[in-house]
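Based on the sequences and whatever the hints tell you, model everything.
Listed in order, the protein sequences are those of chains A, B, C, D, E and F. All residue numbers for the first sequence refer to my numbering, where the first residue is 497 and numbers rise by one. All residue numbers for the second sequence refer to my numbering, where the first residue is 497 and numbers rise by one. All residue numbers for the third sequence refer to my numbering, where the first residue is 497 and numbers rise by one. All residue numbers for the fourth sequence refer to my numbering, where the first residue is 497 and numbers rise by one. All residue numbers for the fifth sequence refer to my numbering, where the first residue is 497 and numbers rise by one. All residue numbers for the sixth sequence refer to my numbering, where the first residue is 497 and numbers rise by one.
Calculated directly from the structure, the hints in this document are not laboratory data. Honestly, I wouldn't trust all of these hints.
For identical chains, the list gives no copy identity; a pair is met inside one copy or between any two copies.
[Claimed, not checked] Below, in silico cross-link-like pairs of lysine-lysine (DSSO-like), each with a Cα-Cα straight-line distance of 30 Å or less:
id	residue 1	residue 2
1	K518	K609
2	K525	K507
3	K506	K609
4	K507	K543
5	K533	K504
6	K611	K521
7	K609	K543
8	K609	K525
9	K610	K521
10	K543	K504
11	K518	K610
12	K612	K525
13	K521	K507
14	K610	K525
15	K506	K543
Spelled out from the first residue to the last, the chains are:
6 protein chains.
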Amino acid sequence: MPTNEVEKFKKRRNYLNDIVMKYAKTNTKRFYALDSKVYLEGALPRKTKEMMGLVASLVLRCDDCVEYHMIRCAEENVSDSEMEEALSIALVVGGSITIPHLRRAFEIWDDLKKKKSRGGSQS
Amino acid sequence: MPTNEVEKFKKRRNYLNDIVMKYAKTNTKRFYALDSKVYLEGALPRKTKEMMGLVASLVLRCDDCVEYHMIRCAEENVSDSEMEEALSIALVVGGSITIPHLRRAFEIWDDLKKKKSRGGSQS
Amino acid sequence: MPTNEVEKFKKRRNYLNDIVMKYAKTNTKRFYALDSKVYLEGALPRKTKEMMGLVASLVLRCDDCVEYHMIRCAEENVSDSEMEEALSIALVVGGSITIPHLRRAFEIWDDLKKKKSRGGSQS
Amino acid sequence: MPTNEVEKFKKRRNYLNDIVMKYAKTNTKRFYALDSKVYLEGALPRKTKEMMGLVASLVLRCDDCVEYHMIRCAEENVSDSEMEEALSIALVVGGSITIPHLRRAFEIWDDLKKKKSRGGSQS
Amino acid sequence: MPTNEVEKFKKRRNYLNDIVMKYAKTNTKRFYALDSKVYLEGALPRKTKEMMGLVASLVLRCDDCVEYHMIRCAEENVSDSEMEEALSIALVVGGSITIPHLRRAFEIWDDLKKKKSRGGSQS
Amino acid sequence: MPTNEVEKFKKRRNYLNDIVMKYAKTNTKRFYALDSKVYLEGALPRKTKEMMGLVASLVLRCDDCVEYHMIRCAEENVSDSEMEEALSIALVVGGSITIPHLRRAFEIWDDLKKKKSRGGSQS
Chain A
497 MPTNEVEKFK KRRNYLNDIV MKYAKTNTKR FYALDSKVYL EGALPRKTKE
547 MMGLVASLVL RCDDCVEYHM IRCAEENVSD SEMEEALSIA LVVGGSITIP
597 HLRRAFEIWD DLKKKKSRGG SQS
Chain B
497 MPTNEVEKFK KRRNYLNDIV MKYAKTNTKR FYALDSKVYL EGALPRKTKE
547 MMGLVASLVL RCDDCVEYHM IRCAEENVSD SEMEEALSIA LVVGGSITIP
597 HLRRAFEIWD DLKKKKSRGG SQS
Chain C
497 MPTNEVEKFK KRRNYLNDIV MKYAKTNTKR FYALDSKVYL EGALPRKTKE
547 MMGLVASLVL RCDDCVEYHM IRCAEENVSD SEMEEALSIA LVVGGSITIP
597 HLRRAFEIWD DLKKKKSRGG SQS
Chain D
497 MPTNEVEKFK KRRNYLNDIV MKYAKTNTKR FYALDSKVYL EGALPRKTKE
547 MMGLVASLVL RCDDCVEYHM IRCAEENVSD SEMEEALSIA LVVGGSITIP
597 HLRRAFEIWD DLKKKKSRGG SQS
Chain E
497 MPTNEVEKFK KRRNYLNDIV MKYAKTNTKR FYALDSKVYL EGALPRKTKE
547 MMGLVASLVL RCDDCVEYHM IRCAEENVSD SEMEEALSIA LVVGGSITIP
597 HLRRAFEIWD DLKKKKSRGG SQS
Chain F
497 MPTNEVEKFK KRRNYLNDIV MKYAKTNTKR FYALDSKVYL EGALPRKTKE
547 MMGLVASLVL RCDDCVEYHM IRCAEENVSD SEMEEALSIA LVVGGSITIP
597 HLRRAFEIWD DLKKKKSRGG SQS
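So this is what it looks like as structure tokens:
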């Protein structure tokens, strides 16, 4: 059901991207395209790339970016241990100032796990 | 009418500034004064300065600062194309981590345009 | 009464920390321990350390961190003048981009003062 | 004469970009292309865009980026007053933490002015 | 031979860490210990963790941190393609403000490759 | 003797500030004045304020700002233990990304201590 936080997040994200695209010209559109392409399967697997995007988002302390990569990591079947280790790197690199974002990150992860165990899909 | 987002933003901002001024001494007050003065007409027009403030706010990822300069840019009659070009510079300089803020920036811009076309004033 | 902003903040914080601890392994737990220890009484008094944590939080623009150290500063009996001077250092070091956070900081401080004058405790 | 700081900066920059291009694949190359395009003449003149890039670089405290946009601003005939006003916006937005970069920025500007008055070109 | 940049970097780093340890008490020492532990083999391989540390260092724009993780990535046999993909994620997340650091990163990488092909060790 | 690092730092700083003042108008000059005033004795002693400036400078990772406040802290007779505790707060708040700056901070501190024990003045 599209009633939970993850669905709301995706809906709001799509709604806002539509407004961006209403005004966007070539450069903005190209940036958006590039932003998708760097996470595609290559020499590094998508799963690793999404975790890299997550670590970068956490040290830069962007909740929306963290949430987006969290959802993608769940889709790529990142395990709890892998997630905890990735986030602990971000925590040590970025310091205690990242803790409020870390808390919200684990809250989202916990939601995603519950959803998965109920058989829900993240797509 | 004071019912929309822009009016709410201004009201909340004034309410909070009153609390700041309740505690503020000379240094804090001087900073506030300086923060107004750098955007006044000079060798550079106010319109250019507000767009500079906007670009700085977006790369530093401060939603409130972005909203404030967006409102000012609308008042200075920045066009859609000028706005898109300024924001695309901020996007390229600041990277994809600015995208959530860029989305909210365009949402505000879209609101401001609608308000303008309805004949509303931003003052 | 646990109905105000400060109590809500603490409750939410504890709730989220419980989720973190559900997934946390040794490294994350050690970071949390370290994050408590650096603010303990030592060569520098706790009051000074909490104000340092506050200044660091404001220049790094983390609202939750600011709120946490604000509550701790009230508990350590930081005066209005000491608070204003600490925040003015953060404002000058961090620039106008910190102003939205400064506003919310003074709002919390004002709430904490009212609570104190009503005889409420921050503990 | 190619003996001064500006020439050394450009040479080193080109040397390093050649190394980047030795390893760069499509995404990195596209980012580089985009990074040129957003500063081209459009609804906003190149001069304004270079000053925006400068303000963004100063608040993000990147000396190399500041130097690059300083050189471009000199080429676009930004006046001393325009430069001072742009930098004062960056100073107020970014705070005293930008001062070491502001100092180096004015040092470069001073060099560029002397070079210009000797009839040297920045191209 | 300990004559190149990498060796100089390591020597300077060790020299400075000795000064830190001359003054460091428990908390600082524990932080140092934690900073080693998060990169150890676990659910995620050391190689992945070092690349995560690299991406975090590049988006936070710390040249010394980038150099350290670059050396470790070479030791973990990260390939050119893997390196390029990791850095392109950092570039897109962090924006053009990371380019001066990206340039120096690739310069170090190029040095490390040459050293490797000459049969030198990074240890 | 004006031959050491601290003297070189001060000379270079004064030299560059003279260039800034050659171009500076009212707003820039007022910012400079404000930047001095917030560290003056008040409800909080100068010593505490300089340590706050130091912590803010370290978490924002500005070497020049760190060096400046280090020199001032030595002048205000901050002890080794007080210094270590202030820096450990900055380290934990700012994370491992601050370590290269922390290293250079302790190197300066060590220089300042040696200078003091030789009877040199920091003024």
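>> When Cα atoms must be at most 30 Å apart, do K543 and K504 count as within-copy, between-copy, both, or neither?
In response: within (24 Å within a copy, 36 Å between copies)
>> If the cut is 30 Å between Cα atoms, do K525 and K507 qualify within a copy, between copies, both or neither?
In response: within (20 Å within a copy, 32 Å between copies)
>> At most 30 Å between alpha carbons: which applies to K610 and K521, within, between, both or neither?
In response: Classified as between; 20 Å across copies, 40 Å inside a copy.
> When no copy is named, should K518 and K609 be tagged within, between, both, or neither for a Cα gap of at most 30 Å?
Replying inline: between (35 Å within a copy, 12 Å between copies)
>> Cα distance capped at 30 Å. Does K518 pair with K610 within a copy, between copies, both, or neither?
In response: For K518 and K610, only the inter-copy Cα distance (13 Å) is at most 30 Å; the intra-copy one is 36 Å.
>> With identical chains, the pair K533 and K504 could be close in the same copy or across copies; at 30 Å between alpha carbons, which is it: within, between, both, or neither?
In response: The answer is within: 25 Å in one copy meets 30 Å, while 35 Å across copies does not.
> For K521 vs K507, is the C-alpha pair at or below 30 Å within one copy, between two copies, both, or neither?
Replying inline: within (23 Å within a copy, 33 Å between copies)
> Using 30 Å as the alpha-carbon threshold, which applies to K506 and K609: within, between, both, or neither?
Replying inline: Classified as both: same-chain Cα gap 17 Å, cross-chain 25 Å, threshold 30 Å.
> Under a CA distance limit of 30 Å, which applies to K610 and K525: within one copy, between copies, both, or neither?
Replying inline: between (35 Å within a copy, 23 Å between copies)
>> Treating 30 Å as the Cα threshold, decide for K506 and K543: within, between, both or neither.
In response: within (20 Å within a copy, 32 Å between copies)
> Between the shortest in-copy and the shortest cross-copy C-alpha distance, which are at most 30 Å for K612 and K525: within, between, both, or neither?
Replying inline: between (33 Å within a copy, 26 Å between copies)
>> Within a copy, between copies, both or neither: which one fits K609 and K525 at a CA-CA cutoff of 30 Å?
In response: between (33 Å within a copy, 21 Å between copies)
Hint compliance for this structure: every hint is met.
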